[in-house]
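S.K.: What follows is the residue order along each chain.
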Amino acid sequence: MSEALKLTDLSKSFAVGKRLFGPPKAMVHAVQPLDLTVTTGETLGIVGESGCGKSTLAKMLVGLLPPTTGQIEIEGAVLDNADPARFGKRIQYVFQDPISSLNPRKTIRQIMEVPLRRLHHMDKATRAARIREIFAAVNLREEFLDRYPHEFSGGQAQRIGIARALAAQARILILDEPVSALDVSVQAQVLNLLADLKEAFGLTYLFISHDLAVVEAVSDRIAVLYFGAIVEVGSAREIFANARHPYTALLAASAPEVGRPIVAPETAATELPDPLSPPLGCAFNERCGFATDRCRAEKPALTTDETGRAFACFNPLATTR
Amino acid sequence: MRGFLTLLARNRLALVGLIVIGCVALLALITPLLPLANPNVIDTPNRFQPPFSAGAVLGTDHLGRDLLSRLLWGTRLSLAMGLAAAMIAATIGSAIGIIAGYYGGRTDNVIMRGVDMLMGFPYILLALAIVAALGPGLMNALIAVAAVNVPFFARNIRGITVGIAHKEFVDAARLSGMRNRDIILSEVLPNVLPVIVIAMSTTVGWMILETAGLSFLGLGSQPPQADLGSMLGEARSALITHPHTSIVPGAMILVIVMGINLLGDGVRDALDPRLKSGALSRPMPATTVDRHGPVPTARTDSLLDIVGLRTEFRVRDRVYKAVGGVDLHVEQGECLGIIGESGSGKSVTALSVMGLVASPPGVITGGAVHFDGTDLIGAPYEVLRALRGRRVAYIFQDPLATLHPLYKVGDQLIEAIQTHDPLSKEAARIRAIDLLKSVRIPNAESRIDSYPYEMSGGMRQRVGIAMALANDPDVIIADEPTTALDVTVQAQILSVLSDLRRERGLAIIFITHDFGVVGQLCDRVAVMYAGQIVEEGPTEAVLRNPHHPYTSRLIDCVPTLGGGQRKLAAIPGLPPVVDRLPVGCAFAERCDKADPTCRADAIALMPTGAGRKTRCLFPETKQERIV
Amino acid sequence: MTGYILKRLVSAIPVLLGISVIVFLIMAMIPGDPATAILGSYATPENVEKLNRDLGLDQGLVPRYFIWLGHMVQGDFGRSFALNRPVLDEVLDRFGATLILAGTSFVLCSLLGVAAGVVSAARQYGWADKAITFVVLVGISIPSFFLGMMMILIFAVQLRWFPVSGMWPIYGDRTLWVLLDHLFMPALALAVVATGVIARLARSAMLEVLRQDFIRTARAKGVREGRVIWRHALRAAMVSIIPVLGIQAGFVLSGAVYIEMVFQWPGVGRMLVDAILKRDILLVQGGVVFIAACYVMFNIMVDVAQAMLDPRIKT
Ligand SMILES: Nc1ncnc2c1ncn2[C@@H]1O[C@H](COP(=O)(O)OP(=O)(O)OP(=O)(O)O)[C@@H](O)[C@H]1O
Ligand code: SF4
Ligand code: SF4
Ligand SMILES: [Mg+2]
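Protein chains in written order, with full-length UniProt numbering: chain R, 1 to 321; chain P, 1 to 627; chain D, 1 to 315.
With the rest of the complex left out, here is chain R (with noise of 0.2 angstroms):
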């Protein structure tokens, strides 16, 4: 199988209190250094609760912010952003706020014809024809063409969202928390709709979430980011059910479960560190309960047990196979 993504050795890094001349006071690492690979045609899935880097990621992957480390090579390709007109057709994005995501000064035909000219150059015969296409692909009226983004529900708007990065033809789409802005009951049927399409045009998704729930209904893998860093990767059937890394088995108790009864997973009541003084060693061990001198003293690597599934922890929780 051939790589869709494969990143490696990403990072990025912001400057925080910027000066006009000089370097800036000090650094936050959104994005630890990394390395990923995403299989084409399969969902991998990204979870991790906010600040965590997920988006800073995404980003990344689709030339919006430039890296500080590494490299991202899109289906064997360096990325290259500098003709924006090539660039788009190789990858494409989906929103998190469906509303600000399109221009509230254009209609909806504005909206969808701009990568369809840009990106491929069509006349307007074509494009219109085309734009038929996708609409019938995502359920949507034609007649919401000439309307603007205002008089569209958030699951809606969502949908015109997904039929503009359909339109660029790029076989790999980064959806950051698509569905996390609509009410549940639309967040299924974007969610089913995303499958449907996944399997008509065959694409990659890199499915990015914070609700456990959703990524592991959609993906075949799943990674766990914390504080910038990969902890945890592995089959999405598997990594919760038998979480190795004990932030994963965290997140996994946490997730609120109809008739499990309520117990704070945390006896200490700590939250994320703080980025400007990130703790030494594993980022996890203020809130870890198996945490040993050596976690606070070393950065644990990411590494691959025999079953596939990687974690980047010294003292991992016992496989219950």
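Treat the hints with caution; some may be incorrect.
Distance condition first, Cα-Cα at most 30 angstroms in a straight line; then the derived BS3-like pairs of lysine-lysine [to be verified]:
1) K167(P) x K124(R)
2) K89(R) x K567(P)
3) K25(R) x K7(D)
4) K167(P) x K6(R)
5) K167(P) x K89(R)
6) K59(R) x K167(P)
7) K106(R) x K567(P)
8) K567(P) x K6(R)
9) K567(P) x K198(R)
10) K25(R) x K167(P)
11) K408(P) x K7(D)
Only some residues are given here: those of chain P computed to face chain R with a beta carbon under 7 angstroms [to be verified]:
12) R174
13) D486
14) Q520
Treat the hints as calculated values from the structure; they're not laboratory data.
In this text, a Cβ means the ideal position worked out from N, Cα and C, and glycines have one as well.
Given chain R's structure and the hints, the job is docking chains P and D with the ligands onto it.
M.R.: Using the frame of chain R, we list chains P and D with the ligands on its own:
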């Protein structure tokens, strides 16, 4: 555009401004065609003629020149100068602002430092310096006034552009293959344009005043040419003896600028989308009540008994029936969950209890809220206020927005305590620390002096809970207190709430859209749809065996952890908009069991088993769920 | 706090330099031979030669700037040829009068404007709101010099309540009371526009704040409405009002030029206008730099006030 014009016309004051300005502008335009005396012909023997004298309707000035003629020619010049200055300043300033805001980084930094420096002058100094260098004169005054206003536009427009340049649609345009220049022209500019128009319409008047001012000082238009400012300036020495020569041009300036300002405000209101929805109105201390007919009596002797509550939003000619007859009751020590999708009326129900629905536009139009023997809906403000926070307390969703950003959390807690309990500051502080400890905030003694922005989301929400507990209330209404938080933090907050409830015997109304949370925390649950309760009953029973088709299908379409990769059972369609509710069952559009009887008439909430009620003609019966 | 003040003071240095560059560049736009232009009708050959020597006018732009700056740092702003005395002396003599006038006006417009805005917002659509809105509209539409003239006409000439003009009577004592008597009309005329602008802004800032969630929280706690408005809401609204107070101070200072003309107030504004009409370039240049520098200092005070109000700034 048409919408803009109607909005503008609806604003009566703006219309007055438009008419005034229209007339003045028309007069100015046709001035050369009017049979007027030459404005510059000196006729000293006839100087200082009073108004209404023969041959000079407005009289003459100190050189015997016809005032009416000078006034009209002067108006023409002043209007033209003001407009020209505004156009120049707006064009240059906006271009600078858009470039700085769009490109950001060092470009922005350098440009804006320069702009800040220009704004570091009281504006007239800059204008005076420019005039001093270039010499007095009309054109130089125009340049000075325009130059002085460029930084204003640049800064204003830059701010807006920064906001737009970070919008997701700009990223989307880039991914659609657009280049920076195209994005600026086709994505950014159309969104900035209304702001430029607003800024212009609100500054044209100002520019007219400024150019007139320079002429008044003798630095603008030079004799004999008349503009309104120079006319005033020349008349000043005769102010006491012949006031009419001053009043005529002065009044004209006032009329013009006032007309422009009225019009400008109208333009702003019509273009500013926030004002369109009427959102910028001040919420009253308590929700307006407009209740007709008899007040429903309490059905039970519950602690809190909501009967037939109706709350609507009146926005212009539309009425949004956000809550359409809700019955709910909570017992001492009980936790009642309210679950429903966005817009189903959960928050409005909760806020109506203590009259906290923003009003205008909210109005409570029916029903009663019986608490401890009083009907809160009809209660006078003072009664309501005395109960707020003392007997019924709230916890809101977004802990950053709900705490005052400029007060220390301790002071906010102390205020909550002292509002209902005349304790000394020291005693209140001790109690505040205890409260913080009770919600398990570590180092409460030092945390009490933190500002909200210094705390994490979870800690802020703990403060929110502590504040609700401050006066040992009987009922706590929690409106999605964990929705804004991460799962691990949510679990902590839920555990705090659940322990407190057990320790203190609190009654809690817990609003959420998460079945998992309801299942873990609540004894009873009410499901809302389109402003009504569609199903109510013991949590376990409802989740295991939902009676209403909506509940059942909603549970189905939420993925739960451990289910693996799968297709979800989505509900087709969208919830109805609450200003156009159907007559019969609101769910009929999306229900696969719907039949004509469902749509015929309103459907009542009927008992369907032990402690259960359902608003459906054909409740689900058979399937038993496995949870 | 002290750290913050120091930081702001240090950051004022580049601003002051920038201002001096801007003024210098504007003055360098003067067409023709600079010395003759500066001296105008006082251009005797000796004067021209002396000026050329003093200001390095025969040199390039950059050295000229540094010569000028060097002089200024030492307190030498040059010499006014029309008045035949050092620029700085003249400016300092006049500045006190302007400060009294503009300072009084500024205090007036801040207090009146904020109070009117708050009342207007709290009584939105009530009669108080409508009345204030109307007065404010007239206030921001009337040219201050015209207003001043009308006030003279009505209150000084017709009613004889206040003196027509000037800061002190030609004969008689210079008591505080006499000063106030002379100050009242010009200060009020000067304050009107700024009051209007501040009132409008305060109203919309208050309306904005009153819709915020934390106001609802305060009400849900049972806090009395008066306290909600004057403490919770006003405090938050001040964050956006204070910067505007800073900007309005600049407008008051600007308006003072007109008011000083109308009321014959012996301040720097009148001095500047006279200097321009007499083409006394060095006096203009010195006066502008001096006032701008004072304004920069004032804005630092505004920033400090803002930082005291908003704990989020002190970083
Ligand atoms: N200020 C307002 N003006 C007009 N309509 C409003 C206003 N506030 C709420 N509504 C309407 O009232 C209805 C119910 O809103 P409500 O906030 O109670 O929903 P909710 O169930 O709490 O939703 P969410 O899950 O998003 O919090 C919605 O249709 C909404 O559009
Ligand atoms: S490395 Fe140590 S601290 Fe980090 S997760 Fe593993 S056991 Fe916990
Ligand atoms: S009343 Fe009819 S339409 Fe409504 S939920 Fe029941 S079966 Fe469906
Ligand atoms: Mg809500």
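S.K.: Could you check the structure against the hints above and give me the numbers of any it violates, in ascending order?
M.R.: 7
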